[in-house]
Each structure stands twice: as structure tokens, then as C-alpha cells.
Amino acid sequence: MRHHRSGLNTLGQMFVATALALPLVVHADEAELTRRVEKLSNELEAVKAELAKMKKEHEQGAVQGAPQQATKPAETPYTNTEAAPGSSDTVLTSYGEINYNRPRKATENTVADLRRAVIGLQHRFDPQTKFAFELESEHAVTSAEDPGEVEIEQAFVEHRLAPSFAVRGGLFLIPTGLLNESHEPTAYYGVERNFVETAIIPTTWREGGFQVVGELGSGLTLQGGITTGFNLNKWDATSTEGQESPLGSIHQELALASARDLSVFAAANYRGVPGLLVGSSVFTGGATHGAQGVTKSRVTLWDLHARWTPGAWDFAALYARGTISNTAAFNTTLVGNPTLVPAVFDGSYVQAAYRLRFGNYGVAPFARLEYFNTGKKYDAIGAGLTPAPLPNERVITTGLNFDINQHVVVKADMQWFRQVSANNRFNLGLGWSF
Amino acid sequence: MRIEVLPIVLGALPASVWAVDYVSASEAEALMFPQADEFATVNLRLDNAQLQEVGKRAGLPARSAQWGVRVARRASSPLGYVVVDNVIGKFELITYAVAVGTDGAIRQIEILSYRESHGGEVRLPAWRKQFVGKTVAGPLRVGDDIANISGATLSCTHVTDGVRRIVAVLQVAHEAGALP
Chain A
1 MRHHRSGLNT LGQMFVATAL ALPLVVHADE AELTRRVEKL SNELEAVKAE
51 LAKMKKEHEQ GAVQGAPQQA TKPAETPYTN TEAAPGSSDT VLTSYGEINY
101 NRPRKATENT VADLRRAVIG LQHRFDPQTK FAFELESEHA VTSAEDPGEV
151 EIEQAFVEHR LAPSFAVRGG LFLIPTGLLN ESHEPTAYYG VERNFVETAI
201 IPTTWREGGF QVVGELGSGL TLQGGITTGF NLNKWDATST EGQESPLGSI
251 HQELALASAR DLSVFAAANY RGVPGLLVGS SVFTGGATHG AQGVTKSRVT
301 LWDLHARWTP GAWDFAALYA RGTISNTAAF NTTLVGNPTL VPAVFDGSYV
351 QAAYRLRFGN YGVAPFARLE YFNTGKKYDA IGAGLTPAPL PNERVITTGL
401 NFDINQHVVV KADMQWFRQV SANNRFNLGL GWSF
Chain B
435 MRIEVLPIVL GALPASVWAV DYVSASEAEA LMFPQADEFA TVNLRLDNAQ
485 LQEVGKRAGL PARSAQWGVR VARRASSPLG YVVVDNVIGK FELITYAVAV
535 GTDGAIRQIE ILSYRESHGG EVRLPAWRKQ FVGKTVAGPL RVGDDIANIS
585 GATLSCTHVT DGVRRIVAVL QVAHEAGALP
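For the protein sequence lines, the chains are A and B, in the order given. Residue 1 is where the first sequence starts when you use this note's numbering, and the numbers rise one by one after that. Residue 435 is where the second sequence starts when you use this note's numbering, and the numbers rise one by one after that.
Below, in silico cross-link-like pairs of lysine to any residue (SDA-like), each with a Cα-Cα straight-line distance of 25 Å or less:
#1 B/K524 / A/H123
#2 B/K568 / A/P310
#3 B/K490 / A/D403
#4 B/K524 / A/D89
#5 B/K568 / A/W308
#6 B/K524 / A/F133
#7 B/K524 / A/G169
#8 B/K563 / B/G535
#9 A/K377 / A/S245
#10 B/K490 / A/Y361
#11 A/K376 / A/T323
#12 A/K376 / A/E192
#13 B/K568 / A/G272
#14 B/K563 / B/E550
#15 A/K234 / A/A388
#16 B/K563 / A/S218
#17 B/K490 / A/R357
#18 B/K524 / B/D579
#19 B/K568 / A/R357
#20 A/K376 / A/T284
#21 B/K524 / A/S182
#22 B/K524 / A/S218
#23 B/K524 / A/V278
#24 B/K524 / A/V167
#25 B/K490 / A/N405
#26 B/K524 / A/G214
#27 B/K524 / A/F210
#28 B/K568 / A/G362
Keep in mind the hints are simulated off the structure, nothing from the lab.
Chain B with its partners taken away, still in its complex shape (with noise of 0.2 Å):
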């Protein structure tokens, strides 16, 4: 596994044109780790070993070797990590935030973009929230843990599904020594 760690202004991070952004990757982190002193880039790359791992325990492919974590701390002490990410909805791309704590529970979720036209309801906390606290042990499933919104099935599912990869990867990555 490869790491690199780049400091990152935050202010440095660009405003996204998207008229359907809600909230911007820079206020996402702060908003989910109001406490942290510091942010940086950890940029992670999955050996084969790892992928497999990551796709056992998700239950779904790891989709890619290199994935993007920023680490909260205050302190120099780790707090936790934000991984940014994108699912396809029904037709379209649903750019979302997940923070996991050290202990490797989710400690939040935000959606930054939603484009489609239906089931903006992934929006709500009161859907958002039922990640909260849980664990790559899950079973972080729509239908069974994850309530579904009606009409908006397939982004519920893919979501919950990415959300279910990240921990898995940060997890897999925190076992490996990659994050602190």
C-alpha cells in the first residue's frame, strides 16, 4: 500500500457550479468533524489482497484500488476520516460524504449533489440518520436496517451500498496500518 499525505487548504477547495449542490465537500468535513484542528489526504491504494477484503466483507466490489480519505484531527490526534464519493442514482450521480469515527462507526452521512428528478428524500436527516453508529458489520442493507424511500429505490440502495464500501475500505485500510 502506497500513502501519500497532502495538507490541503481548505479554503482551496472549489465551489461546485451544480445547481442541485447542497453542501460543498469543504463544509461537509467541517460539518461532520466540527472539532477538527486539521484535515489532510490520505490517498489510499488497494493491493489485490486488500480488494478482495473490502469486497468480502461489503458484500459488493471495491470498485477501485485508489481511493481519496481525508483525516480529521485535532491535536495531531486522529479524530476520524471523510470519504467523498459517487453512486449512480437511477440516471444520475448522487455525490455524497461518509465520517467514521476511529472506531470504525459511521458517524454521519451528507448528500452534496442530487440530481435526479425523484427521491431528493435521501436529503433528509431522518434517513440519514439511520447510519449513524453502525458498522462494516452492518448489515447496512435497504430492506433489512435502511429504511427505503418509496420512488427512490434504486438511490436509496446505491447510497446505502456505497456508504456499506466505504466503511469497508476504511476499515480494511485501518487494519493495514494506512490510517491512523
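The shape of chain A in the complex, shown without the other chains (with noise of 0.2 Å):
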């Protein structure tokens, strides 16, 4: 800065001798004209080579110094460079959870499960550009004889085309509900996922294609965009998966994923007082992808939610709702098969926590009240073929988070089920997340 005042003022002097010099060119003989031209070229040049010595200076600094700060951002003057954490351009996380589950009635069932391992990365390319990808494995070990799967949960890359107006292209989550951008075992109460965000809302749900994410100086996040979507040809009405969750068994995360049909999403989330989050999404796109015979059916996923964090407390209520449009015809084809596919599906809970700190410790014992129901609605096929509507599934979920620090959390709860009570059951698990 001082360099280029010191050039500016340089060159300010060259043009004021030059205006200086000039009159007196007048009154010069021809060999001192002459010499003064001679002289004012060289000056002229050298100023000439200054700018350009400058301007290479210059270039030269702003290309250094971008991913010098990249990597150390906190190189100012009087950044406390030396007491900053450590930052690089490539971050490795992990997130994951073990869980028992114990039905109380029902002994024999209990089981468990490394639920899911992820490892994943960030790394950014240059300051508006970064990847994000995440690799999980579910159920510990994955082979044709065992029941693991392994997983690309995300692969994106973002870029940011203004401080608060990004896109991303990829394999991303879907903006919906309180868990699926927000999964780790760290962010929610309970050993579980919810019901509401497992069997209506498919979490970790993930489709490919592009989004823009703003974010509105007031607090306001919006996101919107195009993606893959379901597949409702992937219907299987011999299973009974498409009863535990409809969308979780037609969802295609972009395996070979059918995408004649794309589908559009837009979630808005308000976060501009402290302490409170009220949002709503909605995704809607074709599911049949053209297939021939089949009758065009869309699916439709909306949700309204909102979270306030008083003090210690902690409350959350959701609601999401679900539909598939013409599935008379489809299910027409699938009578007499277990499960027919729902013209409409919702949940809603509500939940409370309270957040004690012990020192490093924390512990948040917690309720959570919801229903769910996977087949609330069923397109009429006439008399004696038309499913009956299911009823709503309550269940009551209580019990508590023991943090051991930020990142490793110990779970313990009970759950009562309403409609299956053969399903209560005790809960421990342990999670982290780095």
C-alpha cells in the first residue's frame, strides 16, 4: 500500500515537472529543446517502467497472497496468527453409531448394530470453490451374504458467486425437515432418528442435480433447485418396505437413477432471532419416467418446521405430508399384493429437551411425541380393493443425551408405540462426529 502511494506520488511529480518544463520549451533554442525532449522521453520512460514494474508487483501479490491466505487466513497484521488453529484446503470427517435395541416384550429381537460409519472430506480448491463428499457404510460389513451397504451419502461441489449466494452441482441432501442436512448422531435427541424423519421424510435423502442456496441478510436461507427424483416403477408391493417408509423404497440416490422425469425443490428457513429456526420445504417431480403402460404420477413432499433453543431448553415440532398422484391405476395392477401404494402419507412430533452442563459434560434428557402414518390415504379401485387407511402410529420417546464432549455423544431412551406394542423397546447407543 505504502509502495503504491509512494509510485502514485512518483508519478504525480512526473507530471507536474513535466507541465513545469513545458512553458520554458518555448523560449529553448533548438539543442536545448532538443535536450529537454530527450529528457522528458527518458523520464517518460522511466515512469513507464515503474507502472509496469508496479503493475507486475501487484499481480504478482494478489496471485501469492490468495492461497497463502487460503491455508492462513490469519496472516493481518495482528491476527492472532500463532494462537489460530490450524486450517488446511482438505478436512477429514467422520460421523457415525452403534445402537442396541432391546423390545421389551419381545427379547429375542434385540440386536446390535454399527448403524453406519461415514468418512468423509472438504476440500477447497480456491476461496469460492470447495467438494464436499461423504462415504458411508451401514451394518458394519457388506457382502452378498450380509445386510451392509455401502454408500456415496454426498459428492458436491459448491461455489460461491457472492458472499451469500452459492451453487451447488452433485449429489447433495435435500433441504427438508430438522435432520437431513443436519443427521450426525451429535445433532438430534434420542439413539433413533425419528419416525417422521425416517418413515415421511426418507432422511438421509440425497438426490443429484443443481442448487442455489441464499442467504437473505435477515436471517432468511432460501434454497431451490433441480434434481433426480423418485422412481415409483421400483415399487415393491410384495414387500412391506414401502409400508415402513413409501418414499424410502422408490428413492433412487442417484444409482443408475431413471431421470426422464426431474423434479424441483425450494426450502425456505428463517434463523433471524437467536435461538429460533422456522423453515418449510417442498419437493415435487414426475416418478413414472415415461415407463409404457404406466399412468404419469407425481410425488409431491412438503414439510413445515421450527426449532427454538431458550436457555437450556430446547424445542422442536414438525410436520411433513407426503403425496403420490394417480396411483388408482397403478394399484389396480397390484391387487392382492401386501402393499399398495399410498395416495397420501404424513407425521408430525413435537419434542422437548432441557441441557445441563457438568463442566465438559453435558446432559439432555428429552421427550418427543409423534405420529406417523405411511398409508393415510389410499386412491379408491373399487369396493372390497381399495386398502383400508392405515392408522396413525404414536409413539413416545423419552429418555436421554450424556455428552461426553462436542463430539461423542452416549444414548439411552425408552420408546412406547401405540398401535405395536409389541415394538416398545429400550434404547442405548453411542455416536460421534468430527
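Relying on the hints, combine the two individually framed chains into one complex.
Pasting the structure below:
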């Protein structure tokens, strides 16, 4: 900066000198005139050289400064560089959970499971562009004979066009509900994720496509995009999977996804008042992909959610509702099978937690009341053929999260089911996230 | 404690190239102490006893023995201090500045750079206002007197912890006579 100023001063002096010199030229003889012109010419060359040098130094400084600051952004003269934590362009992450579920009335079904272990990385190419990646393994062992699955949960590039505006492309999580984008075990209460955000919203739900993210100064974050969607042609009426989670059974996860019909989504989340989050999302798109002999169908899922954390309290509420259109013709071909396609499915929950601190340890007792219905309504296909709507399942969960630190949590809870009380169970879990 | 005082020309502070910089360090200190006519840097070097004292008061490690503090003055009278620091949010560094009066009370905090994909709401004035007037006596803790931002728990927690550490450093240094 000082260097630039001195350069500009020199330049100014040159111009002043030039301006002063010009009147003298009129009275000078030819030799003197030539000498002065030569002198001015030399001085002009010197100025040009200095300007070129300054320009080069400036450009070099800007180019060299960028990666330096990308790795050491604390290099302002008095930022606490030495005190600052390290930073790298590539960050390795992980989260996972080991769960133990013991049904109280059917202890023979007790299971312990490494539910999921995820390794992720984030790499920053430049100050505006980064790549996020997560590789997940479920149920510990994956082979033809074992129950495990290996999945790419996220693989997207984010490019920031302005401080509050970014574009993402790739396989990313759909911004819906409270858990889908923040699904690490340290982020929610209870050993298991709540049923609404499992059976109705198929967390962890991701699609391939593009999205834009805008953060308005008021605390409002808007997201919208175009992505792959569900594939109703995958519906397996012989399995109960569709009854456990209608959308979970027909999601595609960018695995050779049928992509003739694309979906769109939009989400708005307001965090302008400290401790408060109020948001909503909608996702809709065709789900039949031009399959021959299949009536066009559309899947739509929307939700409303809120979270309020005054002091040590943590309150949350959510409602989600999904619809699948034109299912009558589809279901007519499936009559006789156990699981037909629902026209409507929905669920909601309310939850309260109180976070206590004991030094670095945290203990949060919580309670959650939820209901969900994966077959709330079926399109009519004729008397005696139309499935009866399923009853709402109501679940009460109460227990506590014990935070060893910000990254490790031990959880214990009890769950009571109104419709299928045989599912009442005790859960114990260990989770980590870093 | 060794102290060096280096007057710095504000205009000499380099502009950062980060696309997510919202305010420069020099702009932040001018914003936080608009009435100041001079800023000077004091490089603190805490000894072991002082480090322990910072850890005790903040409830977390002092992290470093060396801290650069900008002292804001008007007509040679100290108005307060500005400390620019970095903490890790979830994956990336958050650069922030804390302004503290000579009475030890926080005047303002500013987020200079935020690089995470989520949780940029820590920049909102409503969230930052929660710190104003508080001292190391705190509690200055997320989930207590500082409300969390849903989806940005780690960013909120780490910035809050960082602020609590800085006010403890300043208080210990002030008591030791290292700061005016």
C-alpha cells in the first residue's frame, strides 16, 4: 500500500515537472529543445517502467497472496496467527453410531448394530470453490451374504458467486425438515432418528442435480434446485418396505437413477431471531419416467418445522406430508399384494429437551411425542379392493443424551408404540461426529 | 510478560482475498471504536501462571501464550481493546473480532470471514448483540446466555468459546498491568 502510494507520488511529481517544463520549451533554442525532449522522453520511459514494475508486483502479490491466505487466513498484522488453530484445504470428517435395541416384550429380537460409519472429506479448491464427499457403510459388513450397504451419501461441488450466494452441483442432501441436512448422531435426541424423519421424510435423502443457496441478510436462507427424483416403477408391492417408508422404498440415490422426469425443490429457513428456526420445504416431481403402460404420477413432499432454544431448553416441532398422484391405475395392477401405493402419508412430532452442563459434560433429558402414518389415504379402486387407511402410529420416546464432549454422545431411551406395543423397546447408543 | 508496542498505519493493513470476507480487520476496529484516533498493537506473552489463570476463568485452555491486542485510544486515553482471532466452525476457520472496553465488558463482536456452507447467521446483528455488555464473569455459553443457531451449533459454540477466552486473556493481562 505504501509502495503504491509512493509510486503514485512519483508519477504525480513527473506530471508536475512535465507541466512546469513545457512553457520553458517555447523559449529554448533547438539544441536545448532537443535535450529537454530527450530528457522528458527518458523520464517518461522511467515512469512507464516503474508503472509496469508496480503492476507486475501487484499482480504477483495478488496471485501469491490467494493460496497463502487460503491456508493461513490469519495473516493480517495483528490477527492472532500463532494462537489460531490450524487449517487445511482438505478436511477429513467422520460420524457414526452403534445402537442397541431391546424390545421389552420380545427380547429375542434384541440387536446390536454398527448402524452407520461415515468417512467424509471436504476439499477447498480455491476461496470460492469446494468439494464435499461422504462415504457411508451401514451395518458393518457388506457382501452378498451380509446386510450391509456402502453408499455415497454426498458428492457435490459448491461454488460461491457472492458472499451470500452459492451454487451446488452433484449429489447433495435435500434441504427438508430438521434432520436431513444435520443428521449426525450428536445433532439429535434419542438413539434412533425420529420416525417422521425416517418413514415420511426418507432421511438421509439425497438427489443429484443443481441448487442455489442464498442467505439474505435478515436471517432468511433460501434454497432451490432441480434434481433427480423418485421412481415409482421400483415399488415392490410384495415387500413391506413401502409401508415402512413409502419414499424410502422408491428413492434412487443417484444409482443409475431414472432421470427422464426431473424434480424441483424449494426451502426457506428463517434464523433471524437467536435461538429460533422456522422453516418449510417442498419437493415435487414426476416419478414414472415415461414407463410404457403406466399412468403418469407425481410425488410431492412438503414440511413445516420449527426449533426454539431459549437458554437451556430445546423445543422442536415438525409436520411432513407426502402425496403420490394417480395411484389408482397403478394399484389396480397390484391388487392382492400386501403393500399398495398410498396416495397420502404424513407425520408430525413435538419434542422438548433440557440441556444441563457439568463442566465439559452435557446431559440432556428429552421427551418426544410423534405420530406417523405411511398409508393415510389410498385412491379408490373399487369396493373391497381399495386398501383401508392405516391407523396413525403414535410413539412416545423419552431418555437422555449424555455428551462426553461436542463430538461424542452416549444415548439411552425408552420408546412406547400405541398400535404395535410389541415394538416397545429400550435403546442404547454411542455416536460420534467430527 | 514481554510487551512490545508497535504503532501500525491503518491503511497498511492488506485487504484479504477471501470471497467470504465481510469486513476487514481495520474496518472492524474503526467500526467498533469510532471515536478512537489511534490504534496500537500490544503483543502479549502470557507466562505459565497467567495461562492457567486464563484457562480457569474461561473454562477452556488459553490455546496460546502470545496474543496480539489492538489498543484503541482517543487523545492518548485508552478506550478499549480489539482482538482478531480464528476458530474452527465445523470444517473451516471463522475469523472474528472482539472489542472490549477497559472495564472488561464486551462492546461488540464482528464476523470478519465465514467460510462454512451453513450457519452464516452468526453474522446477523441479532446473534452478535447477545455478547454486548458481558464480561468474563459470563456465563458466555451457548445454551445459557447465548442462544444457539439451529444447524450451526459448532460455529456458535466455537465463536462463543473464543470470545470467552479472549475476554479472559484481556482481563488477566489488564490485571498484570500489561494493558492500559
